[in-house]
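Number of protein chains: 2
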Amino acid sequence: MNTSRLVLPFIAAILCGPALADGDGLDAKAVATAEGLRDTAMRGSQAYAIVESLTTEIGPRMAGTEAYDRATAWAQAKFKSLGYDKIWLQPVTFPVWERRAERGRIVSPFPQHLVLTALGGSESTDGELRAQVVEFDSLESLKAAPDGSLAGKIAFVNLKMRRAKDGSGYGPVSNVRRSGASEAARKGAVALLIRSVGTDSDRLAHTGMMRYEDGVAKIPAAALSVPDAELLANMLKRGKPVTVALDIQAGVTGSKTEYNVIGEITGRGKPDEVVVIGGHLDSWDLGTGAIDDGAGVAITMAAGALIGDLKKAPKRTIRVIAFANEEQGLLGGKAYAEAMKDAMGTHQLAAESDFGAGRIYALHAGVSPESKPVIERIAQVLAPLGITWAEGGGPGPDISPSVPYGLPWAELQQDGSDYFDYHHTANDTLDKIEPAALDQQVAAYAALAYLAAETAVDIAPAAPAAQK
Amino acid sequence: MNTSRLVLPFIAAILCGPALADGDGLDAKAVATAEGLRDTAMRGSQAYAIVESLTTEIGPRMAGTEAYDRATAWAQAKFKSLGYDKIWLQPVTFPVWERRAERGRIVSPFPQHLVLTALGGSESTDGELRAQVVEFDSLESLKAAPDGSLAGKIAFVNLKMRRAKDGSGYGPVSNVRRSGASEAARKGAVALLIRSVGTDSDRLAHTGMMRYEDGVAKIPAAALSVPDAELLANMLKRGKPVTVALDIQAGVTGSKTEYNVIGEITGRGKPDEVVVIGGHLDSWDLGTGAIDDGAGVAITMAAGALIGDLKKAPKRTIRVIAFANEEQGLLGGKAYAEAMKDAMGTHQLAAESDFGAGRIYALHAGVSPESKPVIERIAQVLAPLGITWAEGGGPGPDISPSVPYGLPWAELQQDGSDYFDYHHTANDTLDKIEPAALDQQVAAYAALAYLAAETAVDIAPAAPAAQK
Numbered sequence: 001m002n003t004s005r006l007v008l009p010f011i012a013a014i015l016c017g018p019a020l021a022d023g024d025g026l027d028a029k030a031v032a033t034a035e036g037l038r039d040t041a042m043r044g045s046q047a048y049a050i051v052e053s054l055t056t057e058i059g060p061r062m063a064g065t066e067a068y069d070r071a072t073a074w075a076q077a078k079f080k081s082l083g084y085d086k087i088w089l090q091p092v093t094f095p096v097w098e099r100r101a102e103r104g105r106i107v108s109p110f111p112q113h114l115v116l117t118a119l120g121g122s123e124s125t126d127g128e129l130r131a132q133v134v135e136f137d138s139l140e141s142l143k144a145a146p147d148g149s150l151a152g153k154i155a156f157v158n159l160k161m162r163r164a165k166d167g168s169g170y171g172p173v174s175n176v177r178r179s180g181a182s183e184a185a186r187k188g189a190v191a192l193l194i195r196s197v198g199t200d201s202d203r204l205a206h207t208g209m210m211r212y213e214d215g216v217a218k219i220p221a222a223a224l225s226v227p228d229a230e231l232l233a234n235m236l237k238r239g240k241p242v243t244v245a246l247d248i249q250a251g252v253t254g255s256k257t258e259y260n261v262i263g264e265i266t267g268r269g270k271p272d273e274v275v276v277i278g279g280h281l282d283s284w285d286l287g288t289g290a291i292d293d294g295a296g297v298a299i300t301m302a303a304g305a306l307i308g309d310l311k312k313a314p315k316r317t318i319r320v321i322a323f324a325n326e327e328q329g330l331l332g333g334k335a336y337a338e339a340m341k342d343a344m345g346t347h348q349l350a351a352e353s354d355f356g357a358g359r360i361y362a363l364h365a366g367v368s369p370e371s372k373p374v375i376e377r378i379a380q381v382l383a384p385l386g387i388t389w390a391e392g393g394g395p396g397p398d399i400s401p402s403v404p405y406g407l408p409w410a411e412l413q414q415d416g417s418d419y420f421d422y423h424h425t426a427n428d429t430l431d432k433i434e435p436a437a438l439d440q441q442v443a444a445y446a447a448l449a450y451l452a453a454e455t456a457v458d459i460a461p462a463a464p465a466a467q468k
Numbered sequence: 469m470n471t472s473r474l475v476l477p478f479i480a481a482i483l484c485g486p487a488l489a490d491g492d493g494l495d496a497k498a499v500a501t502a503e504g505l506r507d508t509a510m511r512g513s514q515a516y517a518i519v520e521s522l523t524t525e526i527g528p529r530m531a532g533t534e535a536y537d538r539a540t541a542w543a544q545a546k547f548k549s550l551g552y553d554k555i556w557l558q559p560v561t562f563p564v565w566e567r568r569a570e571r572g573r574i575v576s577p578f579p580q581h582l583v584l585t586a587l588g589g590s591e592s593t594d595g596e597l598r599a600q601v602v603e604f605d606s607l608e609s610l611k612a613a614p615d616g617s618l619a620g621k622i623a624f625v626n627l628k629m630r631r632a633k634d635g636s637g638y639g640p641v642s643n644v645r646r647s648g649a650s651e652a653a654r655k656g657a658v659a660l661l662i663r664s665v666g667t668d669s670d671r672l673a674h675t676g677m678m679r680y681e682d683g684v685a686k687i688p689a690a691a692l693s694v695p696d697a698e699l700l701a702n703m704l705k706r707g708k709p710v711t712v713a714l715d716i717q718a719g720v721t722g723s724k725t726e727y728n729v730i731g732e733i734t735g736r737g738k739p740d741e742v743v744v745i746g747g748h749l750d751s752w753d754l755g756t757g758a759i760d761d762g763a764g765v766a767i768t769m770a771a772g773a774l775i776g777d778l779k780k781a782p783k784r785t786i787r788v789i790a791f792a793n794e795e796q797g798l799l800g801g802k803a804y805a806e807a808m809k810d811a812m813g814t815h816q817l818a819a820e821s822d823f824g825a826g827r828i829y830a831l832h833a834g835v836s837p838e839s840k841p842v843i844e845r846i847a848q849v850l851a852p853l854g855i856t857w858a859e860g861g862g863p864g865p866d867i868s869p870s871v872p873y874g875l876p877w878a879e880l881q882q883d884g885s886d887y888f889d890y891h892h893t894a895n896d897t898l899d900k901i902e903p904a905a906l907d908q909q910v911a912a913y914a915a916l917a918y919l920a921a922e923t924a925v926d927i928a929p930a931a932p933a934a935q936k
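Protein chains in written order, with the working numbering: chain A, 1 to 468; chain B, 469 to 936.
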């Protein structure tokens, strides 16, 4: 963002008279146009058709797979058919992780099949691994186990996730998923099993990324479905040794370059300044990636297309990004930040949709105090959608790597009450999406992006950019 | 049932004075004892612990598997530990069907994995079968297809199941499952795919039995999960040929003898006359058989045990039956009917619990008009449980083969609103059961069985026994 950020709102307010007296840099016509976009979207948007197309014609599109390449071509073609006037690719290179096979069963005392899935990044077992299971109720209690106490054992962390509209139950349980394997390996364990990071009670396991710490043995790691975790816990309660057999074939096979797919509606006045909205194009491999994050891609593609359909484009460019490889470490977002770090000053505002397909109920923003009148005006336009402006929140995952470089962000917070019922499972499918809920979100993104692109105010970030 | 059925109520009414004036053959003490059983169960029964034990220590126990033998031993031990004074086995012989492997995918135009499961009884594909899919919206439209029109094709019947408290949506869709393969084969089809018989939208397929008609080619048959059926339908809507690959390895491998496991609380006055309650011990192989029908076994075992705990046993014997192989054609029920057809006159009343774990809301009975005062009295005792006596209903599946031989039956109708969300899927697990709902059912079964066993009235069937 250029250095006039802090000064311009006041100049604009003086120059443009009453309509801008409150410092939002927007005239009545701009506000009316945003309201029109909002109301048009609420009457029916293209978002559901877009996510139907992505999930039907591509389906699962895990980073590193041939399906992601097909998704890339799909996104380019979709941007084109939606009337975006500039479509381009941004390379993202990363190690390719493969899931080849995964099986689990209780061997004794009561033989039973187990439903599980390898965590992203997991290494293989050496053929079938058989070992006794030791249960922990949290990552903390695993960390507290004496060194060597898990030698030759499978550590099983059975921590239940709390359901919450804002997804606040995710943090503690996803930490188990991310760090559990190395913590268990430190105690001598030969594998990690976790209770799925999910709020459902379906016999479908939740995958998701894990990491090995340097210098610690890399042991295979998998998540049991919630009913299977409860089955295993019930069996362990009987006090007899429980032996589980795991056969996981997975691992990193090389590296690949994929692409962030970017579509733009070029601004009429300041085409080099951009408002970024988007979602991530990659998904996990188990479902069809409908809510994570076909919905986000569809909502923002449809919102941008609505703005593109206006007779007069907004001042700044609307840039819709379908990010590559969010799931395995925000790699598309990091590549964007790295490529754009010297041009972050051209970024007016960025917002990502990546929390399912539930209705938006709150607007948050990470902008300077002087930019807040713009957010306030946006909030007024969004209020009829049931959206309230509130402090807090945070940038979307693929936006976050750019924030330290000075990217102002907004968040349109979705109702995620049922998001973790389906997240990272085979159950992430189109039927979980309500078309009208998508329309509400398109309405919000279209109005937000348009007003941010049209305002005379150059929005500044909440905190100064980090040293580069 | 002996020939005194019709006469005895009136004699009893005369002999026993006012308490029996209404013809129910029950005195105030008997009613009070039944109310005590009811209230004791409502304070907490053993049913949940029993189904927890069965699903944890045995889990899936499909007919024909080694796991069913373990379940048999489990049931014998459980009857013993619950204090049943006579435990015996009744042989049931049947062909063994095996599920060895099942895989499906869409090959073109848009390659995707498909979640499916072979229907019980299905034959194998010859390696991987690839064929074009033709969709039908009902069994009727499949039947209406011209002969030969499906030559070399896969028939796909995409009929949605209706959710209903009484399970009335099951009939039409289960007919597709049962008869679809032969109907499709008649038109030349090489395989059948159906939309799962279920009310859920989970990516878990519902298995269940199918039959081949004599003289018609035996083609493999599988059910897609509901989201997969919708995916396939959405793909077909695009008007391009859709090719699916199926690899199903399954079939009948021989025959086996398993056992109905029977536990009895011997009656104090007429030990040779029996009140039968029960559920079926076998399950499908995908889940742990919690709601189908671990719940039924547990409810009736716990109800019988409560009666067994009384200081004074009721007049007649309480016979709790854990039926073998219900799922593949009521084979345990048929074996019982065949073994007992000449002794059906010793059967006072029979009721089976096999509709999940939801609370009971209605009492139905198939008894003679003269026996109805007993049912009316039972209904009065059950009323505080939210149970209403109503016409209609039918005998439970394993009871039904005995009804033509003169078995009087009762039905304690459960709320099955969510039964078909989980029925015959991997999702049939313990977490779907609410312990308090089981207690309500134990209360109802205990009171019903006790009063039927205690009454001076010999309950007669609604219709005369069929010619043997």
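Keep in mind that a hint or two might mislead.
[Claimed, not checked] Residues from chain B shown here face chain A by an in silico Cβ test under 8 Å; the list is partial:
{"#": "1", "residue": "Glu520"}
{"#": "2", "residue": "Ile526"}
{"#": "3", "residue": "Gly527"}
{"#": "4", "residue": "Val575"}
{"#": "5", "residue": "Phe578"}
{"#": "6", "residue": "Ser636"}
{"#": "7", "residue": "Leu672"}
{"#": "8", "residue": "Leu699"}
{"#": "9", "residue": "Asn702"}
{"#": "10", "residue": "Ala894"}
{"#": "11", "residue": "Asp899"}
None of these hints come from the bench; they were simulated from the model.
Owing to the predicted nature of the structure, the values given are computational and were not obtained by experimental measurement.
Even glycine gets a Cβ: it sits at the ideal position worked out from N, Cα and C.
Status of the hints after comparison with the structure:
1. Glu520: At 6 Å from the nearest chain A Cβ, Glu520 of chain B passes the 8 Å test, so the hint holds.
2. Ile526: 7 Å, holds
3. Gly527: Given a least distance of 4 Å, the restraint on Gly527 of chain B holds.
4. Val575: At about 13 Å, which exceeds the 8 Å cut-off, the nearest Cβ of chain A leaves the hint on Val575 of chain B violated.
5. Phe578: Holds. Min distance 5 Å.
6. Ser636: Hint violated; Ser636 of chain B Cβ to chain A Cβ min 23 Å, cut 8 Å.
7. Leu672: At about 6 Å, which falls below the 8 Å cut-off, the nearest Cβ of chain A leaves the hint on Leu672 of chain B intact, so it holds.
8. Leu699: 6 Å, holds
9. Asn702: At 5 Å from the nearest chain A Cβ, Asn702 of chain B passes the 8 Å test, so the hint holds.
10. Ala894: 4 Å, holds
11. Asp899: Status holds, d = 5 Å.
Consistency note: the structure conflicts with the earlier hints numbered 4 and 6.
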